[in-house]
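Asks: Sequence:
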Amino acid sequence: MTNSLVPVKFESMLREISAGGVVLHKQGADWSIAVIEPQKEPAEKASARKSAPKAIFALPKGLVDPGEKPDQTAIREVYEETGITALPITKLGDIKYVYVRSWGDGQRVFKIVSFYLLRYQSGSIDDIAPEMRIEVRRASWIPMNEAAKKLAYRGERDIIRRAQEYLEQHPEA
Numbered sequence: 004m005t006n007s008l009v010p011v012k013f014e015s016m017l018r019e020i021s022a023g024g025v026v027l028h029k030q031g032a033d034w035s036i037a038v039i040e041p042q043k044e045p046a047e048k049a050s051a052r053k054s055a056p057k058a059i060f061a062l063p064k065g066l067v068d069p070g071e072k073p074d075q076t077a078i079r080e081v082y083e084e085t086g087i088t089a090l091p092i093t094k095l096g097d098i099k100y101v102y103v104r105s106w107g108d109g110q111r112v113f114k115i116v117s118f119y120l121l122r123y124q125s126g127s128i129d130d131i132a133p134e135m136r137i138e139v140r141r142a143s144w145i146p147m148n149e150a151a152k153k154l155a156y157r158g159e160r161d162i163i164r165r166a167q168e169y170l171e172q173h174p175e176a
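Residues 4 to 176 (my numbering) are what the sequence shown spells out, left to right.
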């Protein structure tokens, strides 16, 4: 019997290291989290379209800059993509996947994203710099108990479940 799975060779593949955050914000008795709707097309095309596309929600994240620690990246990316500042609580875990660049060389990339649980400190959601609109259509708060259904990516839904487990074990958070 042969294995139908083709082994992936990571040695020759580009690698990217990113970090992101699950930002908790207590709204009433319930927790909300900050999410972004990534910009999938130029703003002028989006505004010219007659019907609205289906919203895709994701967690804020981005590449770790040289000399930066992943938790610092998570805090920076949250600020850049949502407009809010947050304080670190704990690391939730890593997700790993392979994607093919849809721009430029079309190369396969092995990506690791470290996610951190953060607590909202200040700022207004979606108050982001105009130059970030090429990446982020909008940022918003969604109820944490709906996040696992609303997030587009399986790995990020798993991270939300880890955040919920952490809160159950650490209600003081």
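Simulated from the structure, these hints should not be mistaken for lab results. Keep in mind that a hint or two might mislead.
[What the hints assert, rightly or not] Listed below are the simulated EDC-like cross-link pairs for lysine to aspartate or glutamate, each with C-alpha atoms no more than 20 Å apart in a straight line:
no.	residue 1	residue 2
1	Lys99	Asp161
2	Lys99	Glu134
3	Lys29	Asp129
4	Lys114	Glu168
5	Lys43	Glu134
6	Lys114	Asp68
7	Lys57	Glu171
8	Lys114	Asp74
9	Lys94	Glu40
10	Lys57	Asp108
11	Lys94	Asp161
12	Lys153	Glu134
13	Lys153	Asp68
14	Lys114	Glu171
15	Lys43	Asp108
16	Lys43	Asp97
17	Lys72	Glu19
18	Lys114	Asp97
19	Lys29	Glu171
20	Lys94	Asp129
Asks: Now tell me, hint by hint, if it's right for this structure.
Replies: Structure-based check of each hint:
For the proposed pair Lys99 and Asp161, the alpha carbon gap of about 12 Å is at most 20 Å, so the pair holds. The hinted pair formed by Lys99 and Glu134 fails the criterion: a straight-line CA distance of about 28 Å is larger than 20 Å. Restraint check for Lys29 and Asp129: the C-alpha separation of about 17 Å stays at or below 20 Å, so the hint holds. Restraint check: the Cα-Cα separation between Lys114 and Glu168 comes to about 25 Å, which exceeds 20 Å; the hinted pair is violated.
A threshold of 20 Å between alpha carbons decides the hint, and for Lys43 with Glu134 the separation of about 15 Å falls inside it, so the pair holds. Among the hinted pairs, Lys114 with Asp68 is consistent with the structure: their alpha-carbon atoms are about 15 Å apart, no more than 20 Å. The hinted pair formed by Lys57 and Glu171 fails the criterion: a straight-line CA distance of about 32 Å is larger than 20 Å. With a CA separation close to 17 Å, the supplied pair Lys114 and Asp74 stays within the 20 Å bound.
Under the criterion of a C-alpha separation no larger than 20 Å, the hint pairing Lys94 with Glu40 is inconsistent with the structure, at around 23 Å. Note on Lys57 and Asp108: the hinted pairing is violated, with a Cα-Cα distance of about 28 Å set against a maximum of 20 Å. Of the pairs offered as hints, the one joining Lys94 and Asp161 holds, with about 14 Å between alpha carbons and a cut-off of 20 Å not exceeded. A hinted pair counts as satisfied when its Cα atoms are at most 20 Å apart, and Lys153 with Glu134 does not qualify at roughly 26 Å.
A threshold of 20 Å between alpha carbons decides the hint, and for Lys153 with Asp68 the separation of about 29 Å lies outside it, so the pair is violated. Distance restraint check for Lys114 and Glu171: the Cα-Cα separation of roughly 29 Å exceeds the 20 Å cut-off, and the hinted pair is therefore not satisfied. Note on Lys43 and Asp108: the hinted pairing holds, with a Cα-Cα distance of about 19 Å set against a maximum of 20 Å. Our distance criterion of 20 Å between C-alpha atoms is broken by Lys43 and Asp97, whose separation comes to about 24 Å.
Restraint check for Lys72 and Glu19: the C-alpha separation of about 14 Å stays at or below 20 Å, so the hint holds. A distance of roughly 10 Å separates the Cα atoms of Lys114 and Asp97; the hinted pair therefore holds under the 20 Å criterion. Between Lys29 and Glu171 the alpha-carbon distance is near 14 Å, which keeps this suggested pair within the 20 Å criterion. Annotation: proposed proximity of Lys94 to Asp129 is violated, straight-line Cα distance about 24 Å (limit 20 Å).
Checked against the numbered hints given earlier, this structure breaks hints 2, 4, 7, 9, 10, 12, 13, 14, 16, 20; the rest are met.
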